[in-house]
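Could you build all of it, start to finish, from the sequences and the hints given here?
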Amino acid sequence: DAKTTQPPSMDCAEGRAANLPCNHSTISGNEYVYWYRQIHSQGPQYIIHGLKNNETNEMASLIITEDRKSSTLILPHATLRDTAVYYCIVSGTTSGTYKYIFGTGTRLKVLA
Amino acid sequence: AAGVIQSPRHLIKEKRETATLKCYPIPRHDTVYWYQQGPGQDPQFLISFYEKMQSDKGSIPDRFSAQQFSDYHSELNMSSLELGDSALYFCASRDRSLTEAFFGQGTRLTVV
Chain A
1 DAKTTQPPSM
11 DCAEGRAANL
21 PCNHSTISGN
31 EYVYWYRQIH
41 SQGPQYIIHG
51 LKNNETNEMA
61 SLIITEDRKS
71 STLILPHATL
81 RDTAVYYCIV
91 SGTTSGTYKY
101 IFGTGTRLKV
111 LA
Chain B
113 AAGVIQSPRH
123 LIKEKRETAT
133 LKCYPIPRHD
143 TVYWYQQGPG
153 QDPQFLISFY
163 EKMQSDKGSI
173 PDRFSAQQFS
183 DYHSELNMSS
193 LELGDSALYF
203 CASRDRSLTE
213 AFFGQGTRLT
223 VV
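Here the protein sequences come in this chain order: A and B. If you number the first sequence the way this note's numbering does, the last residue is 112 and the count never jumps. If you number the second sequence the way this note's numbering does, the last residue is 224 and the count never jumps.
Don't read these hints as lab results, they were simulated from the structure. All residues carry an ideal CB built from backbone N, CA and C; glycine is no exception. Don't take every hint at face value.
Computed beta-carbon distance windows for the label pairs [said to hold, decoys possible]:
id: 1; chain 1: A; residue 1: Ala17; chain 2: B; residue 2: Lys169; range: 36 to 46 Å
id: 2; chain 1: A; residue 1: Thr79; chain 2: B; residue 2: Ser171; range: 30 to 40 Å
id: 3; chain 1: A; residue 1: Lys3; chain 2: B; residue 2: Ser209; range: 25 to 35 Å
id: 4; chain 1: B; residue 1: Asp142; chain 2: A; residue 2: Gly103; range: 24 to 34 Å
id: 5; chain 1: B; residue 1: Ala113; chain 2: A; residue 2: His40; range: 18 to 28 Å
id: 6; chain 1: A; residue 1: Thr72; chain 2: B; residue 2: Thr211; range: 11 to 21 Å
id: 7; chain 1: B; residue 1: Glu194; chain 2: A; residue 2: Met59; range: 32 to 42 Å
id: 8; chain 1: A; residue 1: Ser28; chain 2: B; residue 2: Glu187; range: 27 to 37 Å
id: 9; chain 1: A; residue 1: Gly103; chain 2: B; residue 2: Thr211; range: 13 to 23 Å
In C-alpha cells:
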C-alpha cells in the first residue's frame, strides 16, 4: 500500500483557510487520494477524493500536484467545528481491492 | 440519507468472554470494512468483505472472526476477550460503483 506523510499538527484561525498537506510519493497510477477526518471519537467522516484533477465539493477542495506525489486539502473558511484529525489515504485497485489504511494524520486545531 | 448502523454502541464484557458486533451497511452497499481504534491510536484495518466473501485481511487477531451475510450486514465475533481489546470498533461500507467508503459511529468495547 502506498504510504502518506502528513504533519502531526496544525493550527488555523477561525474564518481563515486551512491548508493541509500530504505527501504520497509512491502513489501508483490508478490509486486515488482520499481525505477523511475524525472529530473526537466519532466515526471517520469522508471529505473528498481525487485521482488526477483538482476536486471541490461543499466541504473542501483537493489540489493534487501534476506528478501526483503530493496533495493539499483546503478548508476555505475554517470553523471551530472543523477541529479534528485529518487523514490522507491512498488506495485503489492496484492495491488489490480498495482498502483504506489510516496513517497518523494531522491534528488540526481551529482557534477562535 | 441512510448511514452505516453499528450495534451495540457500547458494550462491556469481562475478560475471556465473547462479544459480537454488528454492522448494517448503507442500502445497496456490498462491501464492508472493519477497523479497530485503541485509545489514542489511529484506526487499524482488520478485515473486509465484498459480496459476502472476505476480500482483504489486516491485523485481525486469530481470536476474532467476521462474516458478511446475504443481506450484506456483517458481524465481528471476538472470543477470549483481553483487556487490550478495549477499543472503538468501526465499520465502513462501500458501493461497488463508488471508490469511497462511509463509516459508522462505532461500537465502544470495554473489557474489564
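Results of checking the hints against the structure:
| no. | hint | result |
| --- | --- | --- |
| 1 | A:Ala17 - B:Lys169: 36 to 46 Å | 40 Å, holds |
| 2 | A:Thr79 - B:Ser171: 30 to 40 Å | 35 Å, holds |
| 3 | A:Lys3 - B:Ser209: 25 to 35 Å | 27 Å, holds |
| 4 | B:Asp142 - A:Gly103: 24 to 34 Å | 27 Å, holds |
| 5 | B:Ala113 - A:His40: 18 to 28 Å | 22 Å, holds |
| 6 | A:Thr72 - B:Thr211: 11 to 21 Å | 20 Å, holds |
| 7 | B:Glu194 - A:Met59: 32 to 42 Å | 38 Å, holds |
| 8 | A:Ser28 - B:Glu187: 27 to 37 Å | 33 Å, holds |
| 9 | A:Gly103 - B:Thr211: 13 to 23 Å | 19 Å, holds |
Comparing the model with each numbered hint stated earlier shows that all of them hold.
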